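K.L.:
These protein sequence lines map, in sequence, to chains A and B.
Take the first sequence: its letter number 92 is residue 92 in full-length UniProt numbering, and every next letter is one higher.
Take the second sequence: its letter number 76 is residue 76 in full-length UniProt numbering, and every next letter is one higher.
Treat the hints as calculated values from the structure; they're not laboratory data.
Owing to the predicted nature of the structure, the values given are computational and were not obtained by experimental measurement.
Every residue gets a Cβ at the ideal spot worked out from N, C-alpha and C, and that includes glycine.
Errors might be hidden in some of the hints.
As the list claims (entries may be wrong) - EDC-like mimics (lysine to aspartate or glutamate), calculated; alpha carbons at most 20 Å apart, straight line:
| # | chain 1 | residue 1 | chain 2 | residue 2 |
| --- | --- | --- | --- | --- |
| 1 | B | K170 | A | E241 |
| 2 | A | K279 | B | E378 |
| 3 | B | K20 | A | D236 |
| 4 | B | K252 | B | D330 |
As the list claims (entries may be wrong) - Computed spacing ranges between beta-carbons, pair by pair:
| # | chain 1 | residue 1 | chain 2 | residue 2 | range |
| --- | --- | --- | --- | --- | --- |
| 5 | B | V417 | A | A26 | 23 to 31 Å |
| 6 | A | W286 | B | H414 | 21 to 29 Å |
| 7 | B | E351 | A | H25 | 30 to 38 Å |
| 8 | A | E246 | B | L361 | 20 to 28 Å |
| 9 | A | G159 | B | M419 | 38 to 46 Å |
| 10 | A | A290 | B | K323 | 56 to 64 Å |
| 11 | B | V31 | A | M149 | 41 to 49 Å |
| 12 | A | Q46 | B | D3 | 54 to 62 Å |
| 13 | B | R404 | A | H25 | 31 to 39 Å |
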Amino acid sequence: MSFRHYKEKIEEGDTVILYLSNHLHAIEVKPEIKNKKGELIENVYQTTFGALKVRNLIGSEYGSKVELSKGWGHVLQPTPELWSLTLPHRTQIIYTPDISMILLQLDLVPGCVVIEAGTGSGSLTHALIRRIRPHGHVYTFDFHDHRAMLAQEEFEAHGIADFVTAKHRDVLAEGFGEDLNGKADAVFLDLPSPWTGVKHAVAAMKKEGGRFCSFSPCIEQVQRTCLALQEHSFQDISTMEVLQTELKVSRRTIPVRDLSFLKHKSSNNPVEEKPSSEKNYIVGSWPATAPGHTGYLTVATLPPQYIRRKCKVDKDIMEDSKADSEVDQVADHENGKMCIEENP
Amino acid sequence: MADNTIKLGEYIVIQKQNYKKLHKFNKPNSVVNIGKDAVNLKGIEGNRYFSIFKMIPHGTKRNKEYKLELAEETCSLKEEITLKASGADNRNIYDDGRSQKLSAVEIDELKFDSNKASDIVETIITNSTTFHNKTEFSQEKYLKKKEKKYFEYVQILKPNLRNISEIMYKLEPNKIQGIRLDTLSQIITLSNVSCEGNHLLYDSGSNGLLAAALLGAMGSQANGKLVHMHPGNMSQKQALLAMNFETEQYNKCISVNVYSVLRQLYQGCDTNTVDKEDSTLKRKAVDDLEHDAKVSKLEDTENATSNVDIVNTGEENKLPSPKKPKWHFDNIAASEVLSNKVDSLVVASKEDPQNIFLELLPFVKPGRPFVIYYTVAEPLQSLYITLKCLSNVAALKLTCNWMRNYQILPERTHPEVMMNSSSGFLLTGYVLQ
Ligand SMILES: C[S@@+](CC[C@H](N)C(=O)[O-])C[C@H]1O[C@@H](n2cnc3c(N)ncnc32)[C@H](O)[C@@H]1O
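Make a model of the complete structure from these sequences and hints.
P.N.:
Spelled out as structure tokens, the structure:
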């Protein structure tokens with residue numbers, strides 16, 4: 001339940017983050033767990049610094065030190081950022097640098113209604129929920145039933161289920177559902193063919209318009225998505241990439257080699273000298289290898305209905321343009337002009 | 001949220017092509033400069049946000065001004081002008097400056113006489129000897145360029161954190177300490193700010209951008225306060241004001257001078273110094289106003305609702321029964337928040353972050369996150385070492401961001417030619433008991 005409110009003390013059922021000299025672990029605070037035979041046994045969490053009796057965490061304060069059999073660690077209350085670093089991976093996930101940009105690009109503030117597909121491991125979902133609370137809502141979809149179910153269970157265990165609805169659904173084939181038509185302030189897609197989801201995003205967005213964002217690892221996906229966005233009268237379409245690098249900070253002592261004495265004749269004439277002195281620096285070194293690519297973020301604004309441009313459908317770029325008719329009728333505003341020739 | 005009409009007294013974003021401008025819409029017929037053009041905003045009031053207006057030239061040739069007329073829809077030049085012929089490559093194109101038969105003056109007159117951008121460009125094309133030899137790609141590129149030059153529409157957008165920070169970063173990154181969009185977005189997430197809790201910000205130079213970001217993420221139903229500490233006499237609030245927050249939400253941000261609030265906290269009420277401080281405050285406030293008027297290109301001379309407030313309070317103090325100034329109560333409120341401890345700490349200082357951070361750290365509850373921004377790495381590296389030794393924080397991380405935008409076009413996708421390469425550094429972690 002430790003995702004819902006700020007807490008001072010650890011209670012049974014919380015998820016806590018154990019911080020051990022630069023390693024983070026998420027632990028569910030259950031005094032007992034079932035073993036392979038299905039019997040309840042004492043829950044002992046093994047770390048590189050020895051064993052931790054999970055029961056002992058109950059009642060201790062967040063931010064405090066915990067004793068392990070061969071050292072100690074600290075316990076933190078999970079934030080969506082700590083969760084992204086420790087969650088059980090059921091899929092590829094999106095990390096904080098991209099998540100942060102997604103939240104900002106979608107113009108999300110408390111009270112917004114946002115749609116997400118697919119749910120995956122719920123890394124982004126936790127950050128979405130925190131941002132739209134307390135009076136907004138996240139609708140998240142995954143066509144993998146097990147993932148959708150596990151996500152729902154996780155939101156309940158984390159105490160944030162009332163801000164989110166997790167559903168099992170193929171959103172590219174079926175859209176986001178009738179009941180979400182005209183409801184969303186923002187739509188986010190992280191799935192293999194986002195361009196097919198654009199028309200559903202249009203249907204789901206409020207008539208005042210909204211923001212769209214899609215995360216795609218490949219540039220070809222981005223190109224097709226941008227075309228689809230243009231066709232559906234989105235404006236301010238833009239694509240970007242965000243990367244974060246962690247610098248390793250350390251003290252470094254480096255040798256100083258003096259060459260100035262060579263200007264003058266002296267008794268000794270060495271060819272190889274030991275460095276004459278040392279100098280101390282605090283340095284930040286760039287890692288030898290670092291993430292070079294996560295995904296492209298493509299963002300766009302759907303303007304309010306009254307101003308949406310009439311779609312000029314270019315048949316050779318939008319192969320699924322015929323299927324768009326319902327959406328385009330929505331998009332085609334008050335004056336009732338038709339935008340697709342094929343439409344009666 | 002529900003109200004989407006352009007109102008007097010609010011900030012608006014004026015967008016023309018890729019150019020965006022933040023403007024405080026104070027007078028219904030104020031004239032703003034958009035690029036080289038002077039545009040009269042008469043008539044936009046009461047229209048819905050996202051409305052598109054056509055720029056109609058008007059006035060004398062010498063003293064040109066555009067007026068705005070609500071447009072049904074925009075159109076791109078490519079759609080309006082049918083490209084008749086195009087060449088296969090650029091082999092026959094010479095850039096000898098003679099390909100355009102119209103003179104610059106003639107083109108300018110055309111621009112002024114003609115109402116339609118497409119007419120102008122069509123005339124220019126007709127008078128160009130090379131256009132029809134150009135490849136379709138170069139023709140399109142040419143039209144795009146002309147579109148930029150003669151495009152005659154502006155769109156009025158509602159300000160939000162995204163477009164405000166984009167505008168401020170593009171205009172003068174130094175005025176917001178070079179905090180780029182990606183870095184800003186991470187400051188908000190890494191501080192775990194939400195509708196819950198009290199948050200502490202020390203900001204000595206982001207023009208209110210960080211306060212705007214954090215207050216926005218706290219939302220209209222936030223149950224806590226944002227204590228916004230600044231070292232000067234006045235807090236800089238431009239971005240905060242530009243968000244057009246409702247009063248209730250706006251008031252959740254308590255802006256206080258760092259000296260006054262800490263003195264209040266440690267020494268109790270410093271009433272004996274009020275008079276003295278107040279008069280310096282008043283003088284500085286006026287200075288600030290003038291300074292703003294000269295320096296700020298964001299047209300924000302009237303940014304200072306708060307400045308004006310303080311000037312007024314100064315005046316009130318001369319009255320027989322002096323009323324305590326607003327900042328006096330703000331100091332008390334803020335020091336109360338601090339003594340109950342806060343749920344996050346963000347420091348974005350021009351000064352060395354070390355002292356400031358170590359002084360403010362005791363106000364943060366154990367287990368809560370902090371984020372320190374600095375434009376270069378060295379002060380943060382040294383703070384990193386200090387904190388490692390003190391071992392009162394966990395998960396300490398020094399990071400740096402890289403962000404690149406892309407041009408996405410069929411067969412012509414590539415990273416944008418220019419990128420914003422400075423974004424500062426973040427030192428983040430969690431406070432331990
Ligand atoms: C990369 S994962 C998303 C990860 C998620 N953003 C996170 O941060 O944890 C992509 C998910 O999309 C789901 N998916 C793919 N196509 C889908 C579709 N058409 N409808 C719904 N979900 C889909 C997959 O099952 C997978 O779980």
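K.L.:
Now tell me if each hint is right for this structure.
P.N.:
Verification of the supplied hints:
Between K170 (chain B) and E241 (chain A) the alpha-carbon distance is near 18 Å, which keeps this suggested pair within the 20 Å criterion. At roughly 16 Å between alpha-carbon atoms, K279 (chain A) and E378 (chain B) fall within 20 Å of each other, so this suggested pair holds. This hinted pair checks out: K20 (chain B) and D236 (chain A) have alpha carbons roughly 11 Å apart, not beyond 20 Å. Taken as a hint, the K252 (chain B) and D330 (chain B) pair is honoured in the structure, with Cα atoms around 11 Å apart against an allowance of 20 Å.
Between V417 (chain B) and A26 (chain A) the C-beta distance comes to about 43 Å, which lies outside the given range of 23 to 31 Å. Under the hint 21 to 29 Å, the C-beta atoms of W286 (chain A) and H414 (chain B), about 25 Å apart, fit the expected range. Evaluation of the 30 to 38 Å hint for E351 (chain B) and H25 (chain A) yields a pass: the beta carbon distance comes to about 37 Å. At roughly 22 Å, the beta-carbon separation of E246 (chain A) and L361 (chain B) lies within the given 20 to 28 Å, and the hint holds.
For the pair G159 (chain A) and M419 (chain B), the beta carbons lie near 42 Å from each other, so the given range of 38 to 46 Å is met. Checking the proposed 56 to 64 Å range against A290 (chain A) and K323 (chain B) shows it holds: the Cβ atoms sit about 58 Å from each other. At roughly 60 Å, the beta-carbon separation of V31 (chain B) and M149 (chain A) lies outside the given 41 to 49 Å, and the hint is violated. A hinted range of 54 to 62 Å holds for the C-beta pair Q46 (chain A) and D3 (chain B), which are about 57 Å apart.
For the pair R404 (chain B) and H25 (chain A), the beta carbons lie near 34 Å from each other, so the given range of 31 to 39 Å is met.
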